[in-house]
Amino acid sequence: MTLEAVKAAAESNVWTAIFPELMLGCIALLLLALEIMLPKRLHSLIPDLAAAGLLGTLIGFLVNWDSASVGTTTFNGLLIHSPTGQFMRAFFLLAAFFVCLLGRIALAKQRMPRVEFFHIVLVVTAAMMLLAQSNHFVTLFVALETLTIGLYILVAYHRTSTASLEAGLKYLVMGALSSGMLLFGIVLLYGVAGNAALPGHTAQGMNYAELARFLAANPNNFVACLGIVLVLAGVAFKIGAFPFQIWVPDVYQGAPTPVTAFLAVGSKAAGFAVLLALCGPGGAFAPCAWLTEPILMAMAVATILFGNIAALTQHNVKRLIGLSGVSHAGFLLLGVVAARQVPSAVGAIQFYLLAYLIASFAVFGVMTHLAGAEDSDQELDHYAGLAKEHPFLATVLAVGLGSLAGIPPLAGFMGKFLVFVAVFKAGHGTSLIIAAIGVVISIYYYFGWIKAAFFESWAPAADAAPARPARTPVGLAAGLALGTLAVASVVLGFWQGPLGSWLVLK
Amino acid sequence: MIPATLNGYLAIAVALFAIGLVGVLVRRNTLVVFMCLELMLVASTLALVAFSRFNGTMDGNVFVFFILTVAAAEVAVGLAIIVALFRKRQTIQIDQLNTLKH
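Line order of the protein sequences matches chains D and P.
The first sequence: position 304 = 315 (the working numbering), numbered continuously.
The second sequence: position 54 = 1366 (the working numbering), numbered continuously.
So here's chain P without its partners, still in its complex pose:
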């Protein structure tokens, strides 16, 4: 059993954040990009809970609820836009969404 240390949690959080960031920049499918964005928020949440636990302050735990609410709102709006766009263009590949070029 590996002992639960702050650094361990932070390492996982940073790894998740990095995976999310690289995914947003590299992946071409809008839905996958969207999942990567959520991964970044989850990484922050994990780090927040870990800090809150090891620093002995409750603020972080409370902040998590705000982040979850905000993430849910973001997903609702985001999926609505993706669905509307798919109906219009029949694709959600980022490189095919190029109407806006001068």
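Same shape as in the complex, but just chain D:
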């Protein structure tokens, strides 16, 4: 490599393009430093600082939305700054902000160190944001592993609780298995793309654009196809798609509630960001659509059916929301399949994700207020009589669940509607029948939950059954956040405004 080449490579390192991620890293380190320097009585300020830092970063990012780097690749092709990537970055910042709010409430019930939780949330968020912009398998792998390893720690965070530790171990084994498969797929793709005997071979087999060019020249190469299947399997683990969803109920139940929310929203959205970059329009695997499309389609249909049917029999609300999240991943997968032919599907997926974020955090917020010291023990029965005791929490819960179920005036309905329209336009009308069946099944269990909160009264059992945990009083910040989420779910259903037109017409 000559000096000129090194200089050219260094010039493509546009550090301002990843300023939000650097900012998060600095705040994360600052939190640890503050824990050492501040007196004990001021330690309760640190979670607030983390939330404020995330909100500040988000606002700064939105103000500088149209920065000059959008539409370019930086860091020698390691990162690409696309409008989709920009949306996902804002999405992850918003999700992490709500995780911090939930974390403040949930951690107060445990005798647990607080600061590390928020430190890891910030680092994981930065990793997710880089993942959404990756344009190279090295960035993909490193960002994905930073994200996953951070989540291993978060899932096992209640280290005095057996359920949390077991969930952490299960997530670790499953996550490492999926990473191993993903990595082997990457290696096969890199190796075959660099094979000098094949037409269109490239020295940069890990760069998405170069790989797409190679695959366009050899769409039927066996080793390349094997690599693609392994990479898709690895990503399917992260989003919890069938047949890689076995870890979802156990891990969602055992993890602390804010972490469950982070897994359900952030980690899943990160998986879809990767999937869109690989299989979406102009993605690395786009030339092999003959292979990826049937796989994703079969996965989507099986995921919708499995998630909804398995959720029917659950009594633990964390398992229930985990399995319902599996079915949401199925709907989103349908959108990914459609995205290659119908570009508006990408906007539809993003709107779906946003509606899912708003509704999920409303529900998780209510769950956090109802959880006791043993976080994995949250049964449907505990919701009996909620409407009488806490009309506010019950209303937020009903709006959130209604939006998740896709009841017409709410945001979740618009998300499903936009995705289904895109799927129909792409000519996959038959799969919509399965999706409709899935929606109908899901209404049953979501309404079972709403029914428990509104129409059942709590009768303490005469025998020595364990009492349900006391409800946590709603604080000012949490109340404000939950109210905003509920209102946003309603408003986004009626009026999508500039956001909707930007997402769909972009």
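Any given hint could be a false lead.
[Stated by the list, open to error] Now the in silico label distances, taken between C-beta atoms and shown as ranges:
1. 24(D) with 1341(P): 41 to 47 Å
2. 13(D) with 1343(P): 47 to 53 Å
3. 55(D) with 1327(P): 33 to 39 Å
4. 1331(P) with 40(D): 36 to 42 Å
5. 1341(P) with 15(D): 35 to 41 Å
6. 233(D) with 1324(P): 17 to 23 Å
[Unchecked claim] Result set (DSSO-like, lysine-lysine): computed pairs, CA atoms no more than 27 Å apart in a straight line:
7. 462(D) with 399(D)
8. 436(D) with 120(D)
9. 120(D) with 181(D)
10. 120(D) with 1400(P)
11. 51(D) with 120(D)
12. 181(D) with 1400(P)
[Said to hold, decoys possible] Here chain P is said to cover these stretches of chain D; the calculated rule only asks that three of the stretch's residues, wherever they fall, bring their Cβ under 8 Å from a Cβ of chain P:
13. 152-159
14. 176-185
15. 194-201
16. 255-268
17. 449-457
These are calculated hints, taken from the structure and not from any lab test.
Bear in mind that the values here come from a model prediction, so they are computed numbers and not experimental data.
Glycine included, each C-beta is placed from N, C-alpha and C at the ideal position.
Please arrange chain P on chain D, whose structure you already have, making use of the hints.
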């Protein structure tokens, strides 16, 4: 002396990967499962170095360092969780870790 060919290295890598995968699915001791997971990563590393050498590109060799770092971080977190779990339950056999059942 067997000549070093790409296919030879790949065969070993695939064999290691398969042993690791089967081990993860079959073995009951968490520590053994953990070693099998590492075996899968090592298989990828070996294939990567072989591809890098025979294709004449350096990317693969550089990627190996990232994989090693990630694997080390994963082991650190994993062993910490296993130790914490052993203190709590006095076992690390997978079939006895069944608190999370509905």
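Hint by hint, here is what the structure shows:
For the pair residue 24(D) and residue 1341(P), the supplied restraint of 41 to 47 Å holds, since their beta-carbon distance comes to about 46 Å. The hinted window of 47 to 53 Å between residue 13(D) and residue 1343(P) holds, with their beta carbons roughly 49 Å apart. The given range of 33 to 39 Å is broken by residue 55(D) and residue 1327(P), whose C-beta atoms sit roughly 55 Å from each other. At about 40 Å, the beta-carbon gap between residue 1331(P) and residue 40(D) stays in the expected band of 36 to 42 Å.
Range check, residue 1341(P) to residue 15(D): Cβ separation about 55 Å, and the 35 to 41 Å hint is violated. Against the hinted window of 17 to 23 Å, the Cβ-Cβ separation of residue 233(D) and residue 1324(P) comes to about 19 Å, which satisfies the hint. The straight-line distance between the Cα atoms of residue 462(D) and residue 399(D) is roughly 13 Å, inside the 27 Å bound, and the hint therefore holds. Taking the CA atoms of residue 436(D) and residue 120(D), the gap is near 49 Å; set against the 27 Å cutoff, the hint is violated.
For the given pair, residue 120(D) sits about 24 Å from residue 181(D) by alpha-carbon distance, which is consistent with the 27 Å threshold. At roughly 20 Å between alpha-carbon atoms, residue 120(D) and residue 1400(P) fall within 27 Å of each other, so this suggested pair holds. The straight-line distance between the Cα atoms of residue 51(D) and residue 120(D) is roughly 18 Å, inside the 27 Å bound, and the hint therefore holds. Restraint check for residue 181(D) and residue 1400(P): satisfied, since their Cα atoms lie roughly 16 Å apart, inside the 27 Å limit.
Counting residues of the segment 152-159 of chain D whose CB lies closer than 8 Å to any CB of chain P gives 3, so the stated coverage by that chain holds, three being the minimum. Counting residues of the segment 176-185 of chain D whose beta carbon lies closer than 8 Å to any beta carbon of chain P gives 8, which meets the minimum of three for the stated coverage. Given as covered by chain P, the segment 194-201 of chain D passes the check, having 6 residues with a CB less than 8 Å from a CB of that chain where 3 are the minimum. Under the rule that three or more residues need a Cβ within less than 8 Å of chain P, the assignment of the segment 255-268 of chain D holds, with 4 such residues.
Counting residues of the segment 449-457 of chain D whose CB falls under 8 Å from any CB of chain P gives 0; the rule of at least 3 is not met.
Comparing the model with each earlier hint shows violations of hints 3, 5, 8, 17; every other hint is respected.
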